[in-house]
Amino acid sequence: MPAFDRHFWLIVFSGASLGLLGVLLAFWGNPDNSGICVSCFVENTAGAIGLHDNTRMQYIRPELIGFIFGAIASAVLLGEFRSKGGSAPLPRFLSGVFLIIGCAVFIGCPIKLFLRLTAGDLTTIVGLGGLVAGVWVGIKSLSAGVHLGRNETQRGGSGLWVPALFLFFLLILFLRPGFVQFSETGSAALHAPLLFSLAAGLFLGFLAQRSRFCITASVRDFLLMGGRAPLAWGLLAFSVVAIVANMATGSFRLGYYGQPGSHHEAVWSFLGMGLVGWLSVIIGGCPFRQIIKAGEGDADAGMVVLGMLVGGGLVQSWDIAATAAGVSLYGKVAVLVGILFVLLNSVFYREKASA
Amino acid sequence: MFSDLFDRIHLLAVVLVLVVIALLLGGFIDRGDEPLRSKRDPSVERAMQERARAAFLLETYQPVDQMIADKRYAEALLKLQSFEKSYPGEAHSMILRGSILIAQGVVGEGIAQYAAAVKVNGDYVDEKSSLNRRNEITLLVENSLPKIKESLRSVVTPSTEKSLKNLYYLQSRLAGGCE
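Here the protein sequences come in this chain order: A and B. Under our numbering, think of the first position of the first sequence as 738, with each following residue one higher. Under our numbering, think of the first position of the second sequence as 88, with each following residue one higher.
No lab work stands behind these hints, which were simulated from the structure alone. For glycine and all other residues, C-beta sits at the position ideal for the given N, C-alpha and C. Treat each hint with caution, since some may be false.
Among chain B residues calculated to face chain A with C-beta under 10 Å, some are [stated by the list, open to error]:
#1 Lys215
#2 Gln258
#3 Ala262
EDC-like, lysine to aspartate or glutamate: derived pairs with alpha carbons at most 20 Å apart [what the hints assert, rightly or not]:
#4 Lys206/B x Glu1002/A
#5 Lys206/B x Asp790/A
#6 Lys234/B x Glu196/B
#7 Lys206/B x Glu921/A
#8 Lys252/B x Glu921/A
#9 Lys206/B x Asp1056/A
#10 Lys215/B x Glu921/A
#11 Lys172/B x Asp157/B
#12 Lys215/B x Glu162/B
#13 Lys166/B x Glu177/B
#14 Lys249/B x Glu1002/A
#15 Lys234/B x Glu214/B
Taking the hints into account, I'd like the entire structure generated from these sequences.
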């Protein structure tokens, strides 16, 4: 059993809050089962700033901005905000691209995977299997000596630029200049009231920075430590609260068919989430955690976030993203290229013990 | 920070640049041809295009809608054929053909036409769109799904399986979620 200290309860509270707000944001207007989905939000934001032209997927999601600024507030209050970076910037940038590709082929980030699962969507079970397998392979890679290098405190304000970018997003969200696109139909036209979304994002960003809670880290710690891992209890709290909230809001629909934003291509769901799990372990966190770390001044995570934005544009422009109709040929190839990318980096970035 | 002349000059320059940006955006400085350019604002262009597209489709296909309302199905199918020569791959032809085929009892092909139309253009299941046919598609799924499942219990044919797959696709799109 874990130590039931203050940090443990903070993690449990963070997990429960993420689960609850993930369901409530959908209840308040976000797309079904997508109350919180970092990859979908990134795709929407990329579309809004003109990185793709799918007119049904364009909206600057206030939750993302909230995550960053909540994390900044917490990091500044705790004296943890430091510009740091310098660890394999380009592989991290490309990892961000492939994280979104993996998520887009599955239709959702790891948070959405659990939101879909707790809403009764049985198509996610194979995605969960993929995520666990990917995290397991990632752990094995780390133990074999794969790592992208040390992240060091840096001179200058490199950690300020991604928060500055999101400040710009906040400004254009409110000012709505003509070059920003907002969908009038489609899933991006569905959103909770702006201030609700922003407040929820700020609250969750603050909590996630303090607790270090994220889905893939919870899975990783569970595989490493079993029930002694506090993050695993956070994930359990997330799941229990989300199930109850889904039932209370009438969003629970147990079944394999007719689920919102899902498809039945099990192999590709498995591989997509496997890629996300594997990459997340190597770069130190899933898409949500990368955004929180970018809010702490981590320029390496900032590179991942920039890669995610570019990936958000590419998956829509290049027809990589899966739909309820299934996974496109380009989506399948992109996941395989992603797996190739991690395999090659595992070779290039492996430190072998000297003989 | 900002302890020597170099830093102070840079700080002053930063403030100056911010003030100029604010004045420019606030319209206090002559913005050259901006008023002309803003007439071609991309968001206005896009909204116009989308609405014009929907209006064009509804107007162009109106005769087919009328024939369907009058139950002149054969005539409507012929008219759709002529439209398809002019506008190949247009989802509106598919959705109308689906509607005619369902009315004529050709359920499997009708469902396939509806699914193909929604794959091409999600506006048909979107309540906010002027092309919205959500109620019609919901009714189709609710009526056909039990029948198709029932028929699959007795005889399994590739066409019935295909219809079931198409119905599940439509059901999933009706359920919402991210696209």
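How the hints compare with the structure:
1. Restraint check, lysine 215/B versus chain A: the minimum CB separation of about 5 Å is within 10 Å; hint holds.
2. For glutamine 258/B, the shortest C-beta to C-beta distance to chain A is roughly 3 Å, which falls under 10 Å, so the interface hint holds.
3. The beta carbon of alanine 262/B comes within 4 Å of a beta carbon in chain A, closer than 10 Å, and the hint placing it at the interface holds.
4. A hinted pair counts as satisfied when its Cα atoms are at most 20 Å apart, and lysine 206/B with glutamate 1002/A qualifies at roughly 16 Å.
5. Simply put, lysine 206/B and aspartate 790/A have alpha-carbon atoms about 17 Å apart, close enough for the 20 Å limit, and the pair holds.
6. With a CA separation close to 15 Å, the supplied pair lysine 234/B and glutamate 196/B stays within the 20 Å bound.
7. Straight-line distance between C-alpha atoms of lysine 206/B and glutamate 921/A comes to about 18 Å, which keeps the hinted pair within the 20 Å bound.
8. Note on lysine 252/B and glutamate 921/A: the hinted pairing is violated, with a Cα-Cα distance of about 29 Å set against a maximum of 20 Å.
9. Between lysine 206/B and aspartate 1056/A, the direct Cα distance comes to roughly 13 Å. Compliance with the 20 Å bound is thereby established for this hinted pair.
10. The hinted pair formed by lysine 215/B and glutamate 921/A meets the criterion: a straight-line CA distance of about 7 Å does not exceed 20 Å.
11. For the given pair, lysine 172/B sits about 24 Å from aspartate 157/B by alpha-carbon distance, which is inconsistent with the 20 Å threshold.
12. Distance restraint check for lysine 215/B and glutamate 162/B: the Cα-Cα separation of roughly 31 Å exceeds the 20 Å cut-off, and the hinted pair is therefore not satisfied.
13. Distance hint between lysine 166/B and glutamate 177/B is fulfilled; the C-alpha atoms sit about 14 Å from each other, no more than 20 Å.
14. At most 20 Å may separate the alpha-carbon atoms for a hinted pair to count; lysine 249/B and glutamate 1002/A meet this at roughly 15 Å.
15. Under the criterion of a C-alpha separation no larger than 20 Å, the hint pairing lysine 234/B with glutamate 214/B is inconsistent with the structure, at around 27 Å.
Consistency with the previously given hints fails for numbers 8, 11, 12, 15, ordered from lowest to highest.
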